[in-house]
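Q: The lines below spell out each chain.
There are 2 protein chains.
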Amino acid sequence: MRSHPDDVSVVIAYYYEDFPAGEVVEFGDRLVTAEEIVAFAKDWDPQPFHVDAEAAKDSQIGELIASGWHTGCLLMRMMCDAFLLDSASEGAPGAEEIRWVKPVRPGDRLHARRTTVSARTSRSRPTLGILEFHYDLMNQNGETVLVMRGTSFMRRREAAP
Amino acid sequence: MRSHPDDVSVVIAYYYEDFPAGEVVEFGDRLVTAEEIVAFAKDWDPQPFHVDAEAAKDSQIGELIASGWHTGCLLMRMMCDAFLLDSASEGAPGAEEIRWVKPVRPGDRLHARRTTVSARTSRSRPTLGILEFHYDLMNQNGETVLVMRGTSFMRRREAAP
Numbered sequence: 001m002r003s004h005p006d007d008v009s010v011v012i013a014y015y016y017e018d019f020p021a022g023e024v025v026e027f028g029d030r031l032v033t034a035e036e037i038v039a040f041a042k043d044w045d046p047q048p049f050h051v052d053a054e055a056a057k058d059s060q061i062g063e064l065i066a067s068g069w070h071t072g073c074l075l076m077r078m079m080c081d082a083f084l085l086d087s088a089s090e091g092a093p094g095a096e097e098i099r100w101v102k103p104v105r106p107g108d109r110l111h112a113r114r115t116t117v118s119a120r121t122s123r124s125r126p127t128l129g130i131l132e133f134h135y136d137l138m139n140q141n142g143e144t145v146l147v148m149r150g151t152s153f154m155r156r157r158e159a160a161p
Numbered sequence: 001m002r003s004h005p006d007d008v009s010v011v012i013a014y015y016y017e018d019f020p021a022g023e024v025v026e027f028g029d030r031l032v033t034a035e036e037i038v039a040f041a042k043d044w045d046p047q048p049f050h051v052d053a054e055a056a057k058d059s060q061i062g063e064l065i066a067s068g069w070h071t072g073c074l075l076m077r078m079m080c081d082a083f084l085l086d087s088a089s090e091g092a093p094g095a096e097e098i099r100w101v102k103p104v105r106p107g108d109r110l111h112a113r114r115t116t117v118s119a120r121t122s123r124s125r126p127t128l129g130i131l132e133f134h135y136d137l138m139n140q141n142g143e144t145v146l147v148m149r150g151t152s153f154m155r156r157r158e159a160a161p
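Top to bottom, those sequences are chains D and L. Numbered by this note's numbering, the letters in the first sequence go through residues 1 to 161 in order. Numbered by this note's numbering, the letters in the second sequence go through residues 1 to 161 in order.
Extracted from the complex, chain D is given alone in its bound form:
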């Protein structure tokens, strides 16, 4: 169960050792609404096909679709709720790749899949693990809508106090 964001006394459930190379885990379940698509895009990405269903008819896709930053944030929130908030995470330096493979439309129901591509311990800091993850964000038809590849730092269990 994930910790409440305001709860400072976080119990760590997941360490580096809990993400073995080759592991595939599915998590998350979220319905995307037109209201949310428009609200997010008005703040961060107000291109016509993200904020206006009428204007979107003249766009390439021909209908309202979510901003790519919105779909990325949806994945991030699922990652937080599924494991990050309860983990010994020490952050991520970035993403090596983000691809918006298919549009996300109002009424889509999304979930995520995490694959551990590689796992190794840091040479310079042996208490730290370095994990390479591949994420797929998928819709209700099992189609991947977003792919993200990136490195995460996670403390080792042996190093726990």
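These are computed hints drawn from the structure, not numbers from a lab. Fair warning: there could be bad hints in the mix.
Put simply, identical chains are the same to the list, so a pair is met inside one copy or across any two.
To be verified - Computed cross-link-like contacts, SDA-like style, restricted to lysine to any residue with a CA-CA straight-line distance of at most 25 Å:
no.	residue 1	residue 2
1	Lys102	Val38
2	Lys57	Leu128
3	Lys57	Pro20
4	Lys42	Leu128
Starting from the known structure of chain D, fit chain L onto it as the hints suggest.
A: For chain L alone, coordinates are given in the frame of chain D:
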């Protein structure tokens, strides 16, 4: 001047030809507040060091910092306001790289720099240009806080009606 997001009759000011290879352009100016950092993170990335200044004292950085997705969204909004909303953009397939180079703290004032790494026309669709951009998001001390590299599609002016 950028078009209003709700204005369907967008006048296109920028085409592929307006982003020549090698060009470097600076744009954007935005103050990041603690309130905005916390509000964004509560929705999308509620890790303790993004939502709670007290809890952040126990983190690696030792203080409240913005979610990497928040800084990415800040760049996206600057891109929209500076040129995307007035351009012949046909979207982007993704980002080849996003790196969070330095933390973004409350009170930081951010601006962006865009470099056109390469520009070529599409072989399969000669009316379309393919642009490779490198973005730096920078703080008030001229330090890069976020780097993004990605490809954008933009219609050519010659192809305009």
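Q: Is the C-alpha distance from Lys102 to Val38 at most 25 Å within one copy, between copies, in both cases, or in neither?
A: This pair counts as within: shortest intra-copy Cα distance 18 Å, inter-copy 30 Å.
Q: Evaluate Lys42 and Leu128 at a C-alpha cut-off of 25 Å and name the case that applies: within, between, both or neither.
A: neither (40 Å within a copy, 27 Å between copies)
Q: Taking 25 Å as the upper bound on the Cα-Cα distance, should Lys57 and Leu128 be classified as within, between, both, or neither?
A: Classified as between: cross-chain Cα gap 20 Å, same-chain 50 Å, threshold 25 Å.
Q: Treating 25 Å as the Cα threshold, decide for Lys57 and Pro20: within, between, both or neither.
A: So Lys57 and Pro20 fail the 25 Å test inside a copy (46 Å) and across (30 Å) alike.
Checked against the numbered hints above, the structure violates hints 3, 4; every other hint is satisfied.
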